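Colleague: Guided by the hints, dock chain B onto chain A, whose structure is given.
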Amino acid sequence: DQQVKQNSPSLSVQEGRISILNCDYTNSMFDYFLWYKKYPAEGPTFLISISSIKDKNEDGRFTVFLNKSAKHLSLHIVPSQPGDSAVYFCAASVLYGGATNKLIFGTGTLLAVQP
Amino acid sequence: GAVVSQHPSWVICKSGTSVKIECRSLDFQATTMFWYRQFPKQSLMLMATSNEGSKATYEQGVEKDKFLINHASLTLSTLTVTSAHPEDSSFYICSAIHRGDYGYTFGSGTRLTVV
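Protein chains in written order, with the working numbering: chain A, 58 to 172; chain B, 18 to 132.
No lab work stands behind these hints: they were computed from the structure.
Some hints could be false.
In silico DSS-like links for lysine-lysine, alpha-carbon gap of 30 Å or less [as the list claims (entries may be wrong)]:
| no. | chain 1 | residue 1 | chain 2 | residue 2 |
| --- | --- | --- | --- | --- |
| 1 | A | Lys94 | B | Lys37 |
| 2 | B | Lys31 | B | Lys83 |
| 3 | B | Lys83 | B | Lys37 |
| 4 | B | Lys58 | A | Lys62 |
Keep in mind it's a predicted model, so treat the numbers as computed, not measured.
Extracted from the complex, chain A is given alone in its bound form:
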């Protein structure tokens, strides 16, 4: 049962344009959402997060939008740069043991930014 889904396995964007990566989830108990960037054979690198009490969070070129009613979040990267080319994972946290949250990852989207 895939609780966090990224339906687009890949996305190709021209340099300077906007990249929009989408993520859907099924568990309404998720209270915190994160986006990670990952290169092959490396650990994920944190990009940006959003709490379930917000609907938007912005950090430089990265903006995450959360639509709780639709159980959907998206990551916008603008302007896109060739160095942004990587696999992007969304992740959601579930309250666990009352004090610790574990992360559930989506399936990933490979972003290719063309020069």
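Modeller: Chain B alone, transformed into the frame defined by chain A:
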């Protein structure tokens, strides 16, 4: 910032032997660490939650006798793959929660190849 060191970065072992992977939080204390596994072109699958001073909590379908987790101190968790077989070949990643900023920091991962 919070740093998690994972060692080794890659290992090749013979079928039937055991392999230990270390995960250290270098500049913060981590009462909880997580172990993930990633197959090629797939998502990061949570294997278990490692709690300092207590038994690890394993996700459904993960064999606790095969994947031994020890979290003996606030800065070190180890994953031992016992009696490894070729199907255990995968990319293993640990992460720790940095309570100061509610951030999840990931190690750089370990590529295990069982021959």
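Colleague: Given the proposed pairing of Lys31 (chain B) with Lys83 (chain B), does the C-alpha separation stay at or below 30 Å?
Modeller: Since the Cα atoms of Lys31 (chain B) and Lys83 (chain B) sit roughly 16 Å apart, the hinted pair holds (cutoff 30 Å).
Colleague: Does Lys37 (chain B) sit within 30 Å of Lys94 (chain A), going by the straight-line distance between their CA atoms?
Modeller: Holds, at roughly 27 Å.
Colleague: Between Lys58 (chain B) and Lys62 (chain A), is the straight-line Cα distance small enough, at 30 Å or below?
Modeller: holds (14 Å)
Colleague: Within 30 Å, alpha carbon to alpha carbon, are Lys83 (chain B) and Lys37 (chain B)?
Modeller: At roughly 12 Å apart (the allowed maximum being 30 Å), Lys37 (chain B) and Lys83 (chain B) satisfy the hint.
Violation of the numbered hints given earlier is absent; every hint is satisfied by the structure.
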